[in-house]
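Peer 1: Here are the chains, one letter per residue:
Number of protein chains: 2
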Amino acid sequence: MAKEIDNKEVSNREDDYSKWYNNLVVKADLAEQSAVRGCMVIKPYGYAIWEKMHDELDRMFKETGHVNAYFPLFIPKSFLSREAEHVEGFAKECAVVTHHRLKVSDDGKGVVVDPEARLEEELIVRPTSETIIWNTYKNWIKSWRDLPLLCNQWANVVRWEMRTRLFLRTAEFLWQEGHTAHATREEAVEEAQRMVQVYADFARRTMAMPVVVGVKSETERFAGALDTYTIEAMMQDGKALQAGTSHFLGQNFAKAFDVQFANREGKLEYVWATSWGVSTRLMGALIMTHSDNNGLVLPPALAPIQVVMVPIYKTEEELAQIVGRMNEIKAEMATQGISVKIDDRDNLRPGFKFAEWELKGVPVRIVIGPRDLQNGVVELARRDTMEKESVSQEGLAARVAGLLKDIQQHLYDKAAAFREANIRRVDTWDEFKVEIEKGGFLLCHWDGTPETEEKIKEETKATIRCIPLDSFVCEEEGKCVYSGRPSHRRVIFARAY
Amino acid sequence: MAKEIDNKEVSNREDDYSKWYNNLVVKADLAEQSAVRGCMVIKPYGYAIWEKMHDELDRMFKETGHVNAYFPLFIPKSFLSREAEHVEGFAKECAVVTHHRLKVSDDGKGVVVDPEARLEEELIVRPTSETIIWNTYKNWIKSWRDLPLLCNQWANVVRWEMRTRLFLRTAEFLWQEGHTAHATREEAVEEAQRMVQVYADFARRTMAMPVVVGVKSETERFAGALDTYTIEAMMQDGKALQAGTSHFLGQNFAKAFDVQFANREGKLEYVWATSWGVSTRLMGALIMTHSDNNGLVLPPALAPIQVVMVPIYKTEEELAQIVGRMNEIKAEMATQGISVKIDDRDNLRPGFKFAEWELKGVPVRIVIGPRDLQNGVVELARRDTMEKESVSQEGLAARVAGLLKDIQQHLYDKAAAFREANIRRVDTWDEFKVEIEKGGFLLCHWDGTPETEEKIKEETKATIRCIPLDSFVCEEEGKCVYSGRPSHRRVIFARAY
Chain A
1 MAKEIDNKEV SNREDDYSKW YNNLVVKADL AEQSAVRGCM VIKPYGYAIW EKMHDELDRM
61 FKETGHVNAY FPLFIPKSFL SREAEHVEGF AKECAVVTHH RLKVSDDGKG VVVDPEARLE
121 EELIVRPTSE TIIWNTYKNW IKSWRDLPLL CNQWANVVRW EMRTRLFLRT AEFLWQEGHT
181 AHATREEAVE EAQRMVQVYA DFARRTMAMP VVVGVKSETE RFAGALDTYT IEAMMQDGKA
241 LQAGTSHFLG QNFAKAFDVQ FANREGKLEY VWATSWGVST RLMGALIMTH SDNNGLVLPP
301 ALAPIQVVMV PIYKTEEELA QIVGRMNEIK AEMATQGISV KIDDRDNLRP GFKFAEWELK
361 GVPVRIVIGP RDLQNGVVEL ARRDTMEKES VSQEGLAARV AGLLKDIQQH LYDKAAAFRE
421 ANIRRVDTWD EFKVEIEKGG FLLCHWDGTP ETEEKIKEET KATIRCIPLD SFVCEEEGKC
481 VYSGRPSHRR VIFARAY
Chain B
1 MAKEIDNKEV SNREDDYSKW YNNLVVKADL AEQSAVRGCM VIKPYGYAIW EKMHDELDRM
61 FKETGHVNAY FPLFIPKSFL SREAEHVEGF AKECAVVTHH RLKVSDDGKG VVVDPEARLE
121 EELIVRPTSE TIIWNTYKNW IKSWRDLPLL CNQWANVVRW EMRTRLFLRT AEFLWQEGHT
181 AHATREEAVE EAQRMVQVYA DFARRTMAMP VVVGVKSETE RFAGALDTYT IEAMMQDGKA
241 LQAGTSHFLG QNFAKAFDVQ FANREGKLEY VWATSWGVST RLMGALIMTH SDNNGLVLPP
301 ALAPIQVVMV PIYKTEEELA QIVGRMNEIK AEMATQGISV KIDDRDNLRP GFKFAEWELK
361 GVPVRIVIGP RDLQNGVVEL ARRDTMEKES VSQEGLAARV AGLLKDIQQH LYDKAAAFRE
421 ANIRRVDTWD EFKVEIEKGG FLLCHWDGTP ETEEKIKEET KATIRCIPLD SFVCEEEGKC
481 VYSGRPSHRR VIFARAY
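Just so you know, the protein sequences line up as chains A and B, in that order. Mapping of the first sequence onto this note's numbering: position 240 corresponds to residue 240, and the numbering continues sequentially without gaps. Mapping of the second sequence onto this note's numbering: position 242 corresponds to residue 242, and the numbering continues sequentially without gaps.
Treat the hints with care, as some may be off.
Just so you know, same-sequence chains aren't split out, so a pair can sit in one copy or run between any two.
Stated by the list, open to error - Simulated crosslink set (DSS-like; lysine-lysine; CA at most 27 Å straight-line):
#1 Lys479 - Lys353
#2 Lys353 - Lys142
#3 Lys138 - Lys353
#4 Lys438 - Lys479
#5 Lys414 - Lys239
#6 Lys52 - Lys62
#7 Lys455 - Lys414
#8 Lys405 - Lys109
#9 Lys19 - Lys461
#10 Lys62 - Lys457
#11 Lys62 - Lys314
#12 Lys103 - Lys92
#13 Lys457 - Lys479
#14 Lys27 - Lys138
#15 Lys457 - Lys103
#16 Lys353 - Lys27
#17 Lys239 - Lys461
#18 Lys19 - Lys239
These aren't lab readings, by the way, just hints derived from the structure by calculation.
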């Protein structure tokens with residue numbers, strides 16, 4: 001799929017961040033709009049990044065004792081109504097299946113829905129699976145010996161969003177949803193907290209994305225949860241992005257689906273629940289954390305291609321010699337687990353290739369020309385800083401392995417420094433209104449009421465992203481930035497994706 | 001999830017094969033019916049087997065140059081109609097989304113479909129993705145340089161089957177669907193043939209399941225294909241099971257979605273296509289190929305747990321000593337890539353544990369009692385033959401690695417011998433009617449007409465499974481078993497799942 005890429009078409013972040021993002025997602029071959037409203041096509045290059053996220057998260061889930069399972073795509077309409085807050089949260093954005101057959105239209109020219117194939121009860125394409133899963137758990141859980149039950153599901157879900165954006169908000173998206181069942185409240189709370197920490201660890205270590213771990217205000221909680229833990233990241237435009245959530249669901253779903261277990265004393269109790277999920281939205285977070293005006297910047301841990309090698313040559317003979325040497329280097333790098341692509345396309349100039357791989361965010365580029373071959377050196381360029389240097393071919397694999405680690409760390413540090421520079425403690429409402437326009441996170445006192453939260457949102461479009469549990473010391477006495485009433489801790493306000 | 005398992009509840013294969021199968025799927029914790037008609041829940045143990053299938057197939061697809069991508073769950077109704085045969089094949093079993101919102105019912109007691117949220121065009125939950133994918137490929141393919149395009153998708157699909165059975169035929173199932181685009185007919189045919197061979201290789205090597213590779217008769221082709229290649233397996237009841245198919249689609253979808261490319265001479269041509277898929281149906285094939293009246297029998301290559309270790313003890317001290325030694329053995333086995341579970345549950349007797357792990361098909365069981373510990377031996381039992389022997393703890397990991405290979409081979413050989421014993425060359429119609437009742441594959445001459453095929457199906461419920469391309473020499477002159485007309489080769493008739 002070699003296409004003519006005009007790098008100038010990647011617009012500048014500074015001019016229009018939103019345009020830059022959409023542009024980049026399409027130009028870097030990550031995803032595109034489909035013919036179905038709000039649904040995206042995840043292209044091979046984008047999917048390869050998502051696969052890496054999947055594999056690492058899956059490993060982390062299994063390491064923490066979880067197993068995968070698969071539950072139906074469809075949810076009977078009546079199930080949704082069982083948990084009152086839950087149905088309110090999802091009813092307005094549901095894809096509803098009403099029929100199970102098409103037939104040839106009367107004019108014979110197309111197909112129409114067969115009115116005789118109406119379902120007795122409508123089915124909802126799952127927006128999330130708590131209801132169908134807890135209806136299933138009812139049969140799986142009888143005794144304390146069946147607990148904890150630690151399941152995860154990798155699946156597609158549908159939420160009929162009116163305004164969609166590639167990766168960030170799409171009608172269909174891919175995600176994982178963990179659903180666990182526990183004998184005690186304490187255990188369930190511990191699980192919900194453990195999993196938000198797994199997400200934070202993944203975001204920081206693998207995505208090189210600093211996140212704040214916190215708890216949501218009541219207003220921002222998941223529909224049906226008693227507590228929602230979240231990881232919040234700051235994008236380059238200063239807006240917040242909720243990157244993963246973990247919910248303590250109490251006994252809400254156990255009660256809605258009558259899931260009880262016999263405890264060690266033989267008495268029946270309702271089961272305690274959690275659920276937690278991250279989605280292809282992480283792709284959006286990844287892009288908006290690191291990328292620049294030359295295109296995507298990928299942390300090496302998630303790069304489908306970590307090193308691209310481009311030969312510079314005039315004759316066929318030179319090409320053959322250089323590619324021969326490249327194959328040796330590639331083999332050496334493979335032993336270090338480094339994924340390498342040799343770009344030996346003969347119909348494109350080196351400059352074009354450089355731009356294409358920069359656009360696609362490949363962390364390291366190695367260039368070898370005839371003179372480099374003679375001198376036993378290569379040109380080594382890193383995508384994050386765009387720096388180049390000439391280095392020896394000897395020990396190159398080990399050097400590149402080290403460089404990839406450096407890049408991973410540098411991306412994290414850079415993003416952390418950006419975040420640091422855009423967090424401000426704000427104590428007056430006048431200041432708040434000014435500062436929120438500049439973007440970033442505002443650490444403010446809040447009186448703890450949904451009313452104040454709502455008013456601040458109305459006036460400034462800022463929401464409470466979370467009450468931080470780490471990253472910042474927020475416990476202190478103060479006065480609500482809006483109402484002036486007493487407050488015991490600061491929370492993070494920001495405009496958000 | 002330790003439950004009381006009554007092994008006697010696994011009914012006999014000989015009494016009622018169908019009941020035995022359903023029973024086994026549920027008892028071995030592989031899958032169960034959900035609250036949604038025809039949709040199954042794949043339980044963690046069943047899903048772990050599917051994951052192993054997924055991982056190996058995915059590796060094989062990538063090794064043959066394919067990349068993964070993801071396309072929308074929904075297909076606009078009008079897309080289905082574009083390819084005439086395709087719509088005819090799938091229109092009758094479609095889940096149709098007509099609305100995108102629910103609202104609180106007038107009595108306030110539940111939710112109803114909001115009539116104002118009717119979609120302009122209905123969406124079909126994908127039964128297969130040729131249409132949405134070729135509509136996308138239209139934008140991806142411009143020149144011969146964009147070809148071949150070799151994509152695969154792992155996804156869920158929905159076909160509203162009226163009679164469903166766990167894994168074998170479910171309304172929703174998981175699968176992979178490869179969709180490739182080529183510049184020439186020859187290349188596309190080669191790809192379709194390559195992929196059916198990948199499936200055959202996977203079935204034989206990983207599933208230990210002998211399959212016949214063949215081509216379908218016109219009647220049995222995929223809706224929209226010019227040729228369908230298939231792998232056909234024989235179940236223990238002598239019925240055939242179509243385990244995977246690969247389609248040469250010609251230019252049908254390229255024409256339906258107007259996908260043309262500029263060839264090397266700059267002239268526009270329609271693109272050539274293939275598609276190929278295997279699904280969770282393979283789980284059914286796996287179960288019905290190897291399992292017995294004691295439960296599941298798993299080939300080691302697909303067993304989530306390859307070795308289970310059960311301690312025999314009287315005192316806590318003995319238990320601690322034995323489990324200590326088991327952990328050493330487990331660590332040694334891990335270096336050989338063998339997955340081991342130590343079943344140290346203290347509330348169950350060894351006999352119960354033995355039955356449970358037999359039911360779950362774990363290939364190798366190791367038992368250690370206090371005397372074994374003293375003598376430096378273990379009891380080694382294999383699930384396939386149920387043979388036991390006492391062997392030294394020294395060199396145990398290497399021995400077990402060898403044993404796992406033996407079991408894998410033995411399962412294949414056993415299934416191949418069974419198939420061999422149940423294939424018969426039949427030359428008269430009277431003989432056919434008798435033999436088909438005994439089950440198995442009948443190698444018969446056929447006159448090549450859909451009419452004869454249809455009549456044979458009506459009279460005997462037998463269908464042409466395939467025209468074999470390997471496994472059997474079928475090219476010979478003869479007379480159609482039904483019509484007596486001349487025939488140039490034998491084909492396989494069988495009753496099928």
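Peer 1: Is the C-alpha distance from lysine 414 to lysine 239 at most 27 Å within one copy, between copies, in both cases, or in neither?
Peer 2: Answer is within; shortest intra-copy Cα gap is 17 Å, inter-copy 63 Å.
Peer 1: Checking an output row: lysine 457 and lysine 103, CA cutoff 27 Å. Within, between, both or neither?
Peer 2: between (49 Å within a copy, 26 Å between copies)
Peer 1: Can you give me the call for lysine 27 and lysine 138, within, between, both or neither, at a CA distance of at most 27 Å?
Peer 2: between (48 Å within a copy, 17 Å between copies)
Peer 1: At 27 Å max between alpha carbons, let me know whether lysine 353 reaches lysine 142 within a copy, between copies, both or neither.
Peer 2: between (61 Å within a copy, 20 Å between copies)
Peer 1: Since the copies are identical, ignore which copy is meant and state whether lysine 479 and lysine 353 lie within 27 Å (CA to CA) inside a copy, between copies, both or neither.
Peer 2: neither (57 Å within a copy, 62 Å between copies)
Peer 1: Between lysine 353 and lysine 27, at a C-alpha cutoff of 27 Å, which is it: within one copy, between copies, both, or neither?
Peer 2: within (14 Å within a copy, 57 Å between copies)
Peer 1: Checking lysine 62 and lysine 314: alpha-carbon separation at most 27 Å within a copy, between copies, both or neither?
Peer 2: neither (52 Å within a copy, 33 Å between copies)
Peer 1: How would you label the pair lysine 62, lysine 457 (within, between, both, or neither) given a Cα cut-off of 27 Å?
Peer 2: neither (39 Å within a copy, 49 Å between copies)
Peer 1: When Cα atoms must be at most 27 Å apart, do lysine 438 and lysine 479 count as within-copy, between-copy, both, or neither?
Peer 2: within (23 Å within a copy, 85 Å between copies)
Peer 1: When Cα atoms must be at most 27 Å apart, do lysine 52 and lysine 62 count as within-copy, between-copy, both, or neither?
Peer 2: Both: 15 Å inside a copy, 14 Å across copies.
Peer 1: Given a CA cutoff of 27 Å, do lysine 103 and lysine 92 count as a within-copy pair, a between-copy pair, both, or neither?
Peer 2: between (29 Å within a copy, 7 Å between copies)
Peer 1: Since the copies are identical, ignore which copy is meant and state whether lysine 19 and lysine 461 lie within 27 Å (CA to CA) inside a copy, between copies, both or neither.
Peer 2: within (21 Å within a copy, 60 Å between copies)
Hints 1, 7, 8, 10, 11, counting from the list given before, are not met by this structure.
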